[in-house]
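As you go down the protein sequences, you meet chains A and B in turn. Start counting the first sequence at 6; every next residue gets the next number (my numbering). Start counting the second sequence at 117; every next residue gets the next number (my numbering).
A couple of the hints might just be wrong.
[Unchecked claim] Facing chain B, from chain A, some residues (calculated, C-beta under 7 Å):
| # | residue |
| --- | --- |
| 1 | Leu17 |
| 2 | Glu25 |
| 3 | Gly31 |
| 4 | Val37 |
| 5 | Val65 |
| 6 | Pro66 |
| 7 | Pro82 |
| 8 | Glu130 |
| 9 | Leu131 |
| 10 | Lys219 |
| 11 | Leu390 |
In short, the hints are calculated from the structure, not lab data. Cβ atoms here follow ideal geometry from the backbone N, Cα and C, with glycine treated the same way.
One-letter residues, chain by chain:
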Amino acid sequence: MMDAGRHPNITLLTYSEVTEVSGYVGHFQVKVRQRPRYVNTDLCTGCGACAEACVFKRGVPNEYDAGLSRRRAAYIPNNGQAVPLKAVIDDQACLFLTRGKCTKACVEACPTNAIDFTQKEQIIELNVGTILVATGFEMFDPRRLPAYSYGKSPDIIDGLQFERLSSATGPTQGQILTSKGEKPRRVAIIHCVGSRDEHANRYCSRICCMYALKHAHLVRDKTGAEVFEFYMDIRAFGKDYEEFYQRVQEEGVYFVRGRGAEVVVHNDGRIQVKAENTTLGIPVEIDVDMVILETAIEPARDSDKVAAMFGVGRSASGFFQEAHPKLRPFHTNTNGVFLAGTCQAPKDVPDTVAHAAAAASEALALLSRGEVIISPTTAVVDEELCSGCKTCIALCPYSAITFDETARVARVNEALCKGCGTCVAACPAEAIRARHFADEQILAELQALLVSA
Amino acid sequence: MPNEEPRIGVYVCHCGLNIAATVNVDEVVQYAGSLPNVVVARSHRYTCSEAGQEMIRQDIRQLGLNRVVVASCSPRMHEATFQNVLASAGLNPYFFQMANIREHVSWVVKDPVQATEKAKRLVRAAVSRVRYHEPLSPRREDVTKAALVVGAGIAGIQAALTIAEAGYPVYLVEKQPSIGGHMAQLDKTFPTLDCST
Chain A
6 MMDAGRHPNI TLLTYSEVTE VSGYVGHFQV KVRQRPRYVN TDLCTGCGAC
56 AEACVFKRGV PNEYDAGLSR RRAAYIPNNG QAVPLKAVID DQACLFLTRG
106 KCTKACVEAC PTNAIDFTQK EQIIELNVGT ILVATGFEMF DPRRLPAYSY
156 GKSPDIIDGL QFERLSSATG PTQGQILTSK GEKPRRVAII HCVGSRDEHA
206 NRYCSRICCM YALKHAHLVR DKTGAEVFEF YMDIRAFGKD YEEFYQRVQE
256 EGVYFVRGRG AEVVVHNDGR IQVKAENTTL GIPVEIDVDM VILETAIEPA
306 RDSDKVAAMF GVGRSASGFF QEAHPKLRPF HTNTNGVFLA GTCQAPKDVP
356 DTVAHAAAAA SEALALLSRG EVIISPTTAV VDEELCSGCK TCIALCPYSA
406 ITFDETARVA RVNEALCKGC GTCVAACPAE AIRARHFADE QILAELQALL
456 VSA
Chain B
117 MPNEEPRIGV YVCHCGLNIA ATVNVDEVVQ YAGSLPNVVV ARSHRYTCSE
167 AGQEMIRQDI RQLGLNRVVV ASCSPRMHEA TFQNVLASAG LNPYFFQMAN
217 IREHVSWVVK DPVQATEKAK RLVRAAVSRV RYHEPLSPRR EDVTKAALVV
267 GAGIAGIQAA LTIAEAGYPV YLVEKQPSIG GHMAQLDKTF PTLDCST
């Protein structure tokens with residue numbers, strides 16, 4: 006993280022989103038919308054005085070702590086661990102920006118006069134030769150499976166919330182505590198919440214078994230509580246993973262083979278986990294004082310938009326579609342656009358790093374070669390026949406056709422054209438020809454195929 | 117019809133047993149040899165292998181082939197492989213046509229008689245089409261030597277660092293005010309339990 010923040014060849018554009026992509030392999034034009042931070046990042050030292058001074062004491066749920074703590078409108082992201090280490094004023098929470106009424110104590114408190122409420126969003130235009138999509142995943146929301154009673158007790162938490170509880174930068178400084186502020190005595194860990202489940206996602210999220218084992222270890226190590234793991238199978242497939250599983254078994258964790266069926270919150274607040282122990286063939290009910298729901302990895306919610314913008318397909322599970330599952334696992338069907346990490350499929354950390362580095366090496370091959378080969382199998386307009394009706398221009402899904410106002414004819418940009426043939430079929434004057442998919446070629450093929458010998 | 121008389125070579129691939137277990141390859145080869153303008157028809161256990169490629173290259177040179185049809189797998193798999201064979205023998209790579217008798221035939225048709233019949237038709241169609249092929253040349257263009265990485269979690273940071281280390285400028289765009297993604301929220305990572313940031 007720090008290396009990326011400091012590298013002289015990397016320009017960080019945080020609080021920013023790509024809004025528009027045009028061009029083609031080797032020549033992409035990209036528009037990036039940067040949201041205003043209301044903080045001059047050249048002046049801000051990340052000291053946090055503005056956050057201390059912010060009068061919105063009640064604040065909003067802190068996304069970094071997965072909602073387990075609250076933050077004010079002025080804040081240093083990631084509980085003070087942000088890269089870049091710069092303050093932000095949240096325009097959805099700030100009393101001045103939402104209601105126009107505030108004493109603006111942050112402005113007074115800032116020692117470098119960095120707060121600037123006049124900032125506006127900026128559109129940044131970039132020219133690049135290649136694009137890597139590394140938009141990641143989102144965690145499954147366990148509210149979608151009501152049987153697990155998520156939200157009905159503060160002691161039923163999901164895996165990410167447990168990470169924050171256990172983290173030294175989290176709301177309890179790394180102590181694993183129940184909502185009463187006590188160490189838990191019995192903890193249930195439920196695998197496959199939202200994975201391998203026809204009511205949620207049919208795929209295996211690949212990481213949950215291992216992070217559930219890690220959670221079991223951390224609970225045993227930090228609290229000494231009894232831990233019950235409800236699992237269907239343990240998928241410990243990676244290097245040293247099986248050994249880690251054995252280590253956690255030796256630490257005295259109880260493994261109950263069977264999907265956690267239901268979590269019940271009784272009127273007195275008592276929490277009970279119900280499951281079938283499929284090894285013994287008996288139903289089990291265990292009272293616990295903390296439940297950790299090990300949730301699935303899902304495609305990011307704005308995947309549709311992102312896919313359309315970068316010309317990337319999606320697989321049945323919703324993750325982005327690679328060009329070939331084995332031979333081209335980081336390519337897309339748009340030349341020059343590559344996939345890196347979990348936006349392509351669920352991955353653990355080692356696989357994510359490997360996938361991303363491999364995608365980067367493909368991108369580097371393109372950059373260092375310095376030239377691209379544009380396929381000649383494109384559409385071409387016969388300007389003698391073109392009547393200038395512009396029918397093709399509106400239909401082209403790749404915006405590859407422009408109109409020459411002087412000659413009054415349509416022209417195909419061969420670098421943008423994918424040779425899909427839409428314009429060829431639509432042209433009322435039959436003025437467009439698809440190279441390598443010409444009428445006589447296709448008709449000869451069809452005739453030989455369909456006419457009996 | 118092009119001016120030059122077509123001299124077509126047809127190569128039917130066994131793909132090990134992927135195709136040969138269902139399709140009667142010899143029968144397809146024999147049939148292909150009877151089609152107009154087909155100068156040579158052969159089979160190979162793995163046409164994509166170096167030996168298979170060399171067989172096609174030799175035929176182009178010695179028999180003066182000017183069109184090539186390979187009946188094997190999906191063009192997504194090996195079209196580029198065989199186009200390169202043509203180019204290396206001095207023939208325009210677009211004088212090539214592939215008939216997919218694996219994904220479209222042997223993997224989906226169970227009955228050997230029907231499968232062989234369908235393979236023959238696909239070969240006939242490819243032979244018929246390839247006569248009308250024209251030589252085409254790709255264009256070359258320069259590349260803007262900079263990269264965009266969208267998302268600054270583990271994958272985005274790793275990719276950006278790899279490209280930046282090679283000396284190219286990288287724009288790393290992140291929706292959140294800090295980079296790090298989910299990784300920055302994690303306590304320790306399995307199996308080594310080292311810290312994540």
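For this session: Hints the structure violates: just list their numbers, smallest first.
Result: 2, 5, 6, 8 and 11
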